[in-house]
Structures are given as structure tokens and as C-alpha cells.
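Asker: Last residue of the sequence shown: 193 in the working numbering, with the numbers rising by one and none dropped.
A portion of the hints provided could be inaccurate.
[Claimed, not checked] Cβ-Cβ distance ranges computed for the label pairs, FRET-style:
#1 160 to 186: 43 to 49 Å
#2 139 to 94: 20 to 26 Å
#3 154 to 106: 30 to 36 Å
#4 48 to 74: 42 to 48 Å
#5 73 to 97: 23 to 29 Å
#6 170 to 50: 40 to 46 Å
#7 85 to 150: 38 to 44 Å
Hints in this document: simulated from the structure, not taken from any laboratory.
C-beta: ideal position from N, C-alpha, C; glycine also.
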Amino acid sequence: MLLICAYELCLSLINSQNLTYLINFQLLKLNNQLLYLGYITITAHFIDRCWNYQKRIISFTPIPNHKGLTIGKKVEEVLKEWGTRNVSTITVDNASSNDVVVGYLKKRLKIKNGLLGEGDHFHMRCVAHILNLVVMDGLKDQDMPIVSICNAVRFVRSSPQRALKFKECIEM
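Whenever a hint applies, use it, and build me the whole structure from the sequences.
Answerer: Structural data, given as C-alpha cells:
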């Protein structure tokens with residue numbers, strides 16, 4: 022009952038504003054040999070009439086696969102369910118399926134006159150994801166020294182005698 026009331030309150034807040042939203046989503050995939058579980062979390066970001074930044078998770082739902090068209094249709098369904106008509110941007114990571122999602126949503130929102138401008142800036146790439154890719158690429162060259170240090174730490178910590186000997190060496 023409490024969850025339904027919170028949903029209705031959130032829905033009334035979003036629908037009463039008649040604002041433009043920034044949408045982002047994250048995909049979670051849990052794989053084991055017997056079962057595939059995929060989930061999508063969709064978050065709406067907006068500035069309310071009092072100029073306060075708001076963000077609401079508007080969906081956390083299972084998704085059968087990570088294909089762009091499937092994701093695009095699910096996001097469209099959620100936007101329709103929430104009565105969200107105007108979307109300024111969508112922020113996603115660099116997965117190739119997300120290009121399909123963005124193309125699909127841009128076309129569907131353009132038909133409904135729900136894009137800001139012509140949708141030139143509709144697709145925003147996630148800066149955190151891009152930064153992570155850059156750092157991981159840079160760390161590839163450093164991988165061997167880091168692995169060696171981790172192995173040395175494991176070796177010292179693997180027995181109390183080694184840890185004691187290591188402490189003695191440090192204190193000299």
C-alpha cells in the first residue's frame with residue numbers, strides 16, 4: 022500500500038509539472054548457466070517549478086535481452102506510462118545497442134513532437150563511463166607491476182611469520 026501511494030505521489034509530481042526531462046538508464050545483467058536475468062533502471066531528471074533539481078527512478082524492471090530495439094521499446098513504454106512527453110536528452114554509455122535505442126527514441130519522440138529543438142543534442146554520452154574507459158586503457162600498460170605488487174602483498178600476508186619478518190625489515 023505504501024509503495025502504491027509513493028508511486029502515485031511521484032507520478033502526480035512528474036505529471037503536474039509539464040516539464041522537459043533528461044532520461045538516463047542503466048542495464049544490469051546477471052548471468053548464470055541456468056538463468057538470464059536482465060534489468061533496466063530508468064531515471065528522470067528535471068527542474069521543478071521552484072527551480073529545484075529533481076530526479077526520480079521511474080522504472081526498475083526486468084528486460085528479456087540487451088538488444089537496442091527491446092530497450093528502446095521498454096523506455097518508450099515507461100515514458101508513456103508516466104505521461105512524459107518532452108525529453109531533452111538521454112544519457113547512456115557507449116554500448117553499440119544504445120545507438121539503436123537513441124535512434125529509435127529520437128524517431129518516436131519526433132513523431133510526438135516531444136524533442137527539444139530538432140534533437141541535435143538528444144544523445145549525451147556518459148562522461149563517467151568514458152573516463153573509466155580511458156583510465157582502464159591507461160592501466161593496461163601498468164597491469165604487470167600492479168599484479169606483482171598485489172602478489173607480494175598476498176605472499177607477506179599469507180603467514181604470520183612472513184608478516185613479522187616484513188615488519189622487522191621495515192623497522193631497520
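Asker: Hint by hint, say whether it matches the structure.
Answerer: Okay, the hints, checked on the actual structure:
1. 160 to 186: 43 to 49 Å: 31 Å, violated
2. 139 to 94: 20 to 26 Å: 23 Å, holds
3. 154 to 106: 30 to 36 Å: 34 Å, holds
4. 48 to 74: 42 to 48 Å: 24 Å, violated
5. 73 to 97: 23 to 29 Å: Cβ of residue 73 to Cβ of residue 97: about 27 Å, so the range 23 to 29 Å holds.
6. 170 to 50: 40 to 46 Å: Violated, at about 31 Å.
7. 85 to 150: 38 to 44 Å: For residue 150 against residue 85, whose Cβ atoms are near 24 Å apart, the range 38 to 44 Å is violated.
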